[in-house]
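Protein chains: 2
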Amino acid sequence: MAFSVLGVFLGLLLEVSTHGPSSGPRTSWKHEDVNLVEFSEPGVFNYSTLLLSEERHVLYVGAREAIFELSMKDVSVRKNKVIWKVPETHMEKCIAKGKSKETECLNYIRVLQVLNKDSLYVCGTHAFQPQCDHLTLKDFKLQEKQEDGRGKCSFDPAQSFTTVMVDGDLYSGTAYNFLGSEPIISRYSLSQSLLRTEYSTSWLNEPSFVFADVIREGKNSADDEDDKIYYFFTEVSVEYEFYGKLLIPRIARVCKGDLGGQRTLQKKWTSFLKAKLVCSMPELNFVFNVVHDVFILKTPDWRETVIYGVFTSQWGNVGLSAVCAYNMSSVEEVFSKGKYMQKATVEQSHTKWVRYNGITPSPRPGACINNHNRLQNISNSLHLPDKTLQFVKDHPLLEDPVLPIGNGPRLITKDVNYTQIAVERVTALDNNVYDVIFTGTDKGVLHKSVVYEGEVHTVEEIQLLKNAEAIKTLLLSTQGARFLYAGSDSGVVQSPTAFCEKYPTCGDCTLARDPYCAWDPQTSACVNIFHNQDVTDLSRLIQSMTGDADRCPPARRSAPEEYQVMVVKPGSSAELPCPLLSNKAVALWRVNGSVLTDEASKFHLLSDTGLLIYSVGPEEQGVYECWSVERAAGKDFSSLVAGYRLRLPVKPRSPGHLPRSSSSSASTS
Amino acid sequence: MAFSVLGVFLGLLLEVSTHGPSSGPRTSWKHEDVNLVEFSEPGVFNYSTLLLSEERHVLYVGAREAIFELSMKDVSVRKNKVIWKVPETHMEKCIAKGKSKETECLNYIRVLQVLNKDSLYVCGTHAFQPQCDHLTLKDFKLQEKQEDGRGKCSFDPAQSFTTVMVDGDLYSGTAYNFLGSEPIISRYSLSQSLLRTEYSTSWLNEPSFVFADVIREGKNSADDEDDKIYYFFTEVSVEYEFYGKLLIPRIARVCKGDLGGQRTLQKKWTSFLKAKLVCSMPELNFVFNVVHDVFILKTPDWRETVIYGVFTSQWGNVGLSAVCAYNMSSVEEVFSKGKYMQKATVEQSHTKWVRYNGITPSPRPGACINNHNRLQNISNSLHLPDKTLQFVKDHPLLEDPVLPIGNGPRLITKDVNYTQIAVERVTALDNNVYDVIFTGTDKGVLHKSVVYEGEVHTVEEIQLLKNAEAIKTLLLSTQGARFLYAGSDSGVVQSPTAFCEKYPTCGDCTLARDPYCAWDPQTSACVNIFHNQDVTDLSRLIQSMTGDADRCPPARRSAPEEYQVMVVKPGSSAELPCPLLSNKAVALWRVNGSVLTDEASKFHLLSDTGLLIYSVGPEEQGVYECWSVERAAGKDFSSLVAGYRLRLPVKPRSPGHLPRSSSSSASTS
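Heads up: the protein sequence lines correspond to chains A and B, in order. Quick note on numbering: this note's numbering labels position 595 of the first sequence as 595, and the sequence is numbered without any gaps. Quick note on numbering: this note's numbering labels position 35 of the second sequence as 35, and the sequence is numbered without any gaps.
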């Protein structure tokens, strides 16, 4: 009964995916199409903790009740293995507490960190009673000096968890209790007692931890600032309200040198601060408010470091995933200068969070100790005044948000739920630097996308895992032969970062717009420019990041006489296949030189670009050509995909009539 | 690098559609399949204002620059028409203000209400300068006593708008200014000056008006309470916060007898209150926060009245629509007893809305005048104390929400955006009462759904409009022959509310589970039980709301000898069609009596349930039967859809070999 401007509003929402930097993959590779190496052992599951040691050329894998050492160059080569089971008594206790014998009361290895040159630090859920141990690399044996894993590793193998080892100290984001209800961001070190977050919803409110890593200040820091450990998670918002819980993505940080407070915040972080990590399209009022994974593209100077995150929306009932990128310098700006939020009581009984407009104590609450503080005789956090400590205890949340580069997503993909991200910065032959974004989905698919000026191009999608299960971990090796390692519940998969050799022609090699690939006219092959052994002289290679294939030499074409002969009985049908490599190309059929424009009565274009000809008669005989036409750099590029010569069989009853073509060939029908 | 419990959370969200009361339509009718009557005139557009006069048996239609009187029984019969254009001078002014000559500076009829027995009250946008007039029914002419339409009709034809006429007074929800920025809920009456809402975001905050109607108190009201006018709209939330605007569905009401205040709220509503209209799935944290249309299923006692609304989610980038139902008694409970919300200033500079916990003035702010007030010498709103008026001016929002029946949606549909709703309460032959929900989509499709105990069944979908455009208005006639009337930009469509005659067998008639339809074994037809002329003795009819077709007499089956003969040349292919009526049925093929279980090499089941047989040979000859198998009431019901006898042609060269079957029939290939 009423018109609605909401119609317009919702119409806009429908355009989110088209409006944003979105694109489907150009090429789709099946699991068996590409050169993947897999590892799994019968009876072992949950290969979700991966640790790459590029010096030792190995990949460590933490799975359920087992730790593996695999060859980095070929993960199917197992170098070592150690079993770590739960003793019977432990398991019984776990079962008695109501947990499942088959799935929960086992030991899931979730911490795998390099402790020193000779050993790894490993922790497992150990039947809901987390334990840690040292693993000697020489003999690949556990030292069996088991330590309490509380606060270092999660109790529940299904609960979100993140960890990072920095200078021998283990930083974790996990739950501190059996029920999983007490979230904690902690530091465990040999020399000091556990440093942790305050147990308060202002500090952490039902967080789902996603990632943590250190950002080094660098040697030439003027103020001799401290290194920082950044945490990424999604939590329930305290500052916003709605009916139902509102989730919010966060970036939090602590300082490496934090020792806790003297009286206030004893054995607690004095440097814990957090901010909102925005990934939204303000012009469409669309918010991606769940962060699933983060990758930090580190640079020698931290100011140039870029943080990449994959997001979905809390309400996105059908997959719409986004990738947002953040400059570390904007992050630093927010943490070092941002306004704080404050919990205020309204009308005696309501709690609301608002901007704090009062005077901020000095030193700035939550800031790391620097030379300026040291001049004031504050050489570590124990010397911080109570006023500063009390303030940061009550105001861990900053009001200023961390905004993405360009104020919106770099990439939006429809009908996909991204779970993992890895990014590699490569220099193409045009000497420009490109960030190549690898994203893993909950269905075992990998997307490879490149951000060009104002445009995203998804080079390819690869069915990385045999089954449609989630990619749980995604690692990238960047030295030597580049590989991606994906961990899932059922195994580990190793994949090259590019499939240049799969492009048969210069046109395909160029249209792929893959910064790893270029056409070598000398060998007539699409080669990986980072595999130095393949080509010594890069200058002869043909590459165009716009996909402009004009520089390609003309393709060698077989003469129509060499086309495959199809002998078809009169009245029956013939199917001429035309497999296109690119999802962005369209098939164009020429019959005896003329373009097949409309669906003539006897022709039917198949959905997979093949041509079906019904009840073939003498007039259907002739030369059939299928061309792939693809648009790039404002031009159409076409190439011959398949050619056929269709003819009726030689009639044995009338030997006087010979077919015009005398070449004989295999016949198909 | 991190596990995620959010994965689980989002997994749940993916289940919203399966979790809730959701179902696809059993039958799909195309536009040309069913008996629809259409009306449109060349050059006339936007047939979006419909008014049904069941006494006069006519449907009034307000379109762009024209008003029509159509026959209710056959809308293709135009009884009258009047043109109402904008004078040249008006149009020029409108164009000078920057509006479009082709679309905006025209007269869109948006108000069409019965004023009295002899005339209608009509208003149009009149080139962004709304005008109203009286339409004499006798000669169907405008009286040309044009009145200012400001506050009664919208300026902008594209802006949301609702109106209702109650006892000669026009109640509107619209914008009061040219820019459309000043929302207003107003009453225009001949005897009094315009009564309106305060211009304040606490009262109305960017509302999209959806529907308005009166709920009569009834004669036997103990307190002699006033009649109420309810408004439904979506607006931008003031009480909740997020980044980006949060929309919220509202129900608001005013009292019919309101005269405004004496000093405070002079010429403003003293009875305007609003509450949140919740349609959500709390267990999945999923909120449908945009209301698109409302239908009030009125009953003699208002306490039994049920309000139906169609909702989507603000973030639902792919359509997920829900229908929620509300008891009028719960609405009354919220408005008469609910807590108020209050705007509070926090830390000097922030405004937050919280529950008001103080003492509420008496009489209750926003309540209608009743006998209790009259005893206190408050006989109308002019006598209300300033304290009460000031309170309602500052506290128009109630904290308590109006919750749906069953605390969640009645119906959830995927991949659909519902725009309109109409509901009819019918008594089936089992003497139970069923609410039949008709929902119109933005693609011109109508869904007909019935709510059974704990289960929703969508009987059918109908492509009501020829083109995939939005259904803008949906009206239901309930007297005599029941019809639905849908208005769209391009015309008016009249549709029966049931298509019983389209079900050819008792099985189909029963499996449809349509409360309008029953099988008449005497005439072997599926009949509409509300068309009394069809059947006099209802007791002989077969109807089962569970879809149990066991009571059906055995279907008359043609003998295999009567099946259609298909003569197929050896080596060529044959396609045997099997059109299933029901989307919930599966096709089962029997070849010479045996079920075709797997896809044997030469058989290929087509997606539309037909069977394709490749290169037919002598062994493929025989009897082919296609059965429709559908599950209902815990049982499988099967019926023969098509039967064929496949044979090779009689070979003219070997007259000794005759085909086994000697019956000759039309041959198809």
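Keep in mind the hints are simulated off the structure, nothing from the lab. If you're wondering where the values come from, they're calculated on a predicted model, not measured in any experiment. There could be a bad hint or two in this list.
Treat identical chains as interchangeable: a pair holds within one or across any two.
To be verified - Each computed DSBU-like pair below joins lysine-lysine, with the alpha-carbon atoms no more than 35 Å apart:
{"#": "1", "residue 1": "K219", "residue 2": "K93"}
{"#": "2", "residue 1": "K443", "residue 2": "K245"}
{"#": "3", "residue 1": "K443", "residue 2": "K466"}
{"#": "4", "residue 1": "K99", "residue 2": "K343"}
{"#": "5", "residue 1": "K219", "residue 2": "K337"}
{"#": "6", "residue 1": "K584", "residue 2": "K81"}
{"#": "7", "residue 1": "K219", "residue 2": "K101"}
{"#": "8", "residue 1": "K141", "residue 2": "K337"}
{"#": "9", "residue 1": "K99", "residue 2": "K141"}
{"#": "10", "residue 1": "K414", "residue 2": "K85"}
{"#": "11", "residue 1": "K256", "residue 2": "K97"}
{"#": "12", "residue 1": "K298", "residue 2": "K99"}
Outcome of the hint check:
no.: 1; hint: K219 / K93; verdict: neither (50 Å within a copy, 70 Å between copies)
no.: 2; hint: K443 / K245; verdict: both (27 Å within a copy, 33 Å between copies)
no.: 3; hint: K443 / K466; verdict: within (10 Å within a copy, 39 Å between copies)
no.: 4; hint: K99 / K343; verdict: neither (38 Å within a copy, 48 Å between copies)
no.: 5; hint: K219 / K337; verdict: within (23 Å within a copy, 67 Å between copies)
no.: 6; hint: K584 / K81; verdict: neither (45 Å within a copy, 53 Å between copies)
no.: 7; hint: K219 / K101; verdict: neither (51 Å within a copy, 68 Å between copies)
no.: 8; hint: K141 / K337; verdict: neither (48 Å within a copy, 71 Å between copies)
no.: 9; hint: K99 / K141; verdict: within (29 Å within a copy, 79 Å between copies)
no.: 10; hint: K414 / K85; verdict: neither (42 Å within a copy, 46 Å between copies)
no.: 11; hint: K256 / K97; verdict: neither (37 Å within a copy, 63 Å between copies)
no.: 12; hint: K298 / K99; verdict: neither (41 Å within a copy, 53 Å between copies)
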